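Make a model of the complete structure from these sequences and hints.
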Amino acid sequence: MMCIFITEVPMYRVYKTAYLAKLSAEPATISVNDYLTIDADILFYNGISRQNTDNNPFTRFVADVVNDMATNYSGPVELKVSFPAGMVFGHNCIKVSDAEGNVFDAQFSADDFVNLRFQSTEGYHPDGSFKTGAVWIVDSVSAGQKNIITWMFFGYRYDDTIYSEGLEYYAPSDALKRYNIKVGDLYYRFGFAGGAYGLTSIDAAKNDDINRIRCTLSPQHRYVTAGAQVIEYFTYNVTLKVINTGPLFTEIERTGYNAASAVYAAGIIKATTRFRIFKNGIVVVKNMVTALEDIPVGKMCGATISSNVIYKNGTTPAYSGTAAAAITTGNTAGNGRFSYLPTIVNGDIHRDGTSAGPTRPTGITMTNAASEFTLGVTTGWQYSSLSDYSFLNWPVEKNWTWTIEAWLNASEN
1 MMCIFITEVP
11 MYRVYKTAYL
21 AKLSAEPATI
31 SVNDYLTIDA
41 DILFYNGISR
51 QNTDNNPFTR
61 FVADVVNDMA
71 TNYSGPVELK
81 VSFPAGMVFG
91 HNCIKVSDAE
101 GNVFDAQFSA
111 DDFVNLRFQS
121 TEGYHPDGSF
131 KTGAVWIVDS
141 VSAGQKNIIT
151 WMFFGYRYDD
161 TIYSEGLEYY
171 APSDALKRYN
181 IKVGDLYYRF
191 GFAGGAYGLT
201 SIDAAKNDDI
211 NRIRCTLSPQ
221 HRYVTAGAQV
231 IEYFTYNVTL
241 KVINTGPLFT
251 EIERTGYNAA
261 SAVYAAGIIK
271 ATTRFRIFKN
281 GIVVVKNMVT
291 ALEDIPVGKM
301 CGATISSNVI
311 YKNGTTPAYS
321 GTAAAAITTG
331 NTAGNGRFSY
341 LPTIVNGDIH
351 RDGTSAGPTR
361 PTGITMTNAA
371 SEFTLGVTTG
381 WQYSSLSDYS
391 FLNWPVEKNW
401 TWTIEAWLNA
411 SEN
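Final position of the sequence shown in UniProt numbering is 413; the numbers increase by one with none missing.
These aren't lab readings, by the way, just hints derived from the structure by calculation. All of these numbers come straight from a predicted model, not from anything done at the bench. Glycine included, every Cβ here is placed at the ideal spot set by N, Cα and C. Take the hints with a grain of salt, since some may be wrong.
[Claimed, not checked] Here are the simulated DSSO-like cross-link-like pairs (lysine-lysine), alpha carbons at most 27 Å apart as the crow flies:
#1 312 x 206
#2 177 x 286
#3 299 x 279
#4 146 x 177
#5 177 x 80
#6 182 x 286
#7 299 x 206
[Claimed, not checked] Each pair of labels, with its calculated beta carbon distance range:
#8 211 x 70: 27 to 37 Å
#9 70 x 266: 47 to 57 Å
#10 193 x 296: 46 to 56 Å
#11 174 x 111: 46 to 56 Å
#12 313 x 61: 46 to 56 Å
#13 361 x 152: 26 to 36 Å
#14 241 x 354: 17 to 27 Å
#15 103 x 193: 21 to 31 Å
#16 173 x 103: 18 to 28 Å
#17 84 x 228: 19 to 29 Å
Structural data, given as structure tokens:
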């Protein structure tokens, strides 16, 4: 919708006539004579309201990116931000450069509310502008060095760029149904088998069953019935959607709930897993498991993410549960080297001991089944004994939430 104000200027008087017109997407031409001037005010474009911003062309800040490690770093850099309402409305409103004149693609990601039990985000103001989160760039910083970064934030720029083609459904059979999405040069497969639309593989081409990295990553919950531990994926009411796309990454959110069992009704526990897939082959996985109802003692005994990384015959994975990192080589997707790095694992521990609150121990295990060319990785919290004091004496409170984060890299250096 476009609103055009036409002002006629005869020699003896001035008056204004307003016209309201809806124009098509094609270029428009207005012809006038020598005695007519045009003043046009665009209020809407393609149905998107023009935002009210101040008269400053941009807001400028300077920050440091410091590498305090003993090794060089190259990859995603997270720059934490908090914007006032109306300052930034889109990824293309953010421009980042360094002292050497390098210009970086930049993309915003929203922060969850600090108390995850509320399951809400602080990422956006009511007017749709960015609020609290991070601006991501991809940079290289040598060990012990820092880069001076200049940020420029523009109020509003119309952006019709298509950054992702979205999730594509493919089902050659019911057992092999999946969703594929292309990010950068790789395809990411979310298959139903092996975790109910978890990330099952990273493919060199769409539906390539030969040239791919099989990782089968999906959240699980653990419970006890008839004196035995049961491990299940979140298979009830599963949804998969794109929640963020831009010049650097595409983010997929998978939401699933527990299926009905001898212990739980369906939908008592919720898992929200976000796969932030960068164009350079890095995938940041963030998982949240939330108890939607109070769970009695002696029932829930763990919340984990499980992954089976299949490596090539004739190669040996390098891994360490202590250092919590693994690398496989010889892969036929990416650059041949694939890494798996759990970075955040949350359980529960009370400063005053189990008399004041539960202890739910965290852990990372890596087990190599060499005969099957499979490296199994389990990350999360779980009880090692069904006679554990906290398991038998502390229930799980409603809305209690645990988080896990892991970084995958299909193009490890």
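Here is what the structure says about each hint:
For a cut-off of 27 Å, the pair hint linking residue 312 to residue 206 stands: about 20 Å separates their Cα positions. Proximity of residue 177 to residue 286 is assessed by CA-CA distance (about 24 Å); at most 27 Å being required, the pair is judged to hold. Between residue 299 and residue 279, the direct Cα distance comes to roughly 41 Å. Violation of the 27 Å bound is thereby established for this hinted pair. For the hint linking residue 146 to residue 177, the alpha-carbon distance of about 47 Å lies beyond 27 Å, and the restraint is violated.
Proximity of residue 177 to residue 80 is assessed by CA-CA distance (about 38 Å); at most 27 Å being required, the pair is judged violated. For the given pair, residue 182 sits about 20 Å from residue 286 by alpha-carbon distance, which is consistent with the 27 Å threshold. Distance restraint check for residue 299 and residue 206: the Cα-Cα separation of roughly 41 Å exceeds the 27 Å cut-off, and the hinted pair is therefore not satisfied. Roughly 35 Å separates the CB atoms of residue 211 and residue 70, a value that falls within the hinted 27 to 37 Å.
Between residue 70 and residue 266 the Cβ separation comes to about 50 Å, which falls inside the hinted range of 47 to 57 Å. Taking 46 to 56 Å as the suggested C-beta distance range, the pair residue 193 and residue 296 does not conform, at roughly 32 Å. A hinted range of 46 to 56 Å for the beta carbons of residue 174 and residue 111 is inconsistent with their spacing of about 39 Å. As the Cβ distance of residue 313 to residue 61 is approximately 52 Å, the hint placing it in 46 to 56 Å holds.
Taking 26 to 36 Å as the suggested C-beta distance range, the pair residue 361 and residue 152 does not conform, at roughly 47 Å. With their beta carbons about 40 Å apart, residue 241 and residue 354 fall outside the hinted range of 17 to 27 Å. In this structure, residue 103 and residue 193 break the distance hint of 21 to 31 Å, their C-beta atoms being roughly 43 Å apart. Between residue 173 and residue 103 the CB atoms are about 47 Å apart, so this pair departs from the stated range of 18 to 28 Å.
For the pair residue 84 and residue 228, the beta carbons lie near 55 Å from each other, so the given range of 19 to 29 Å is not met.
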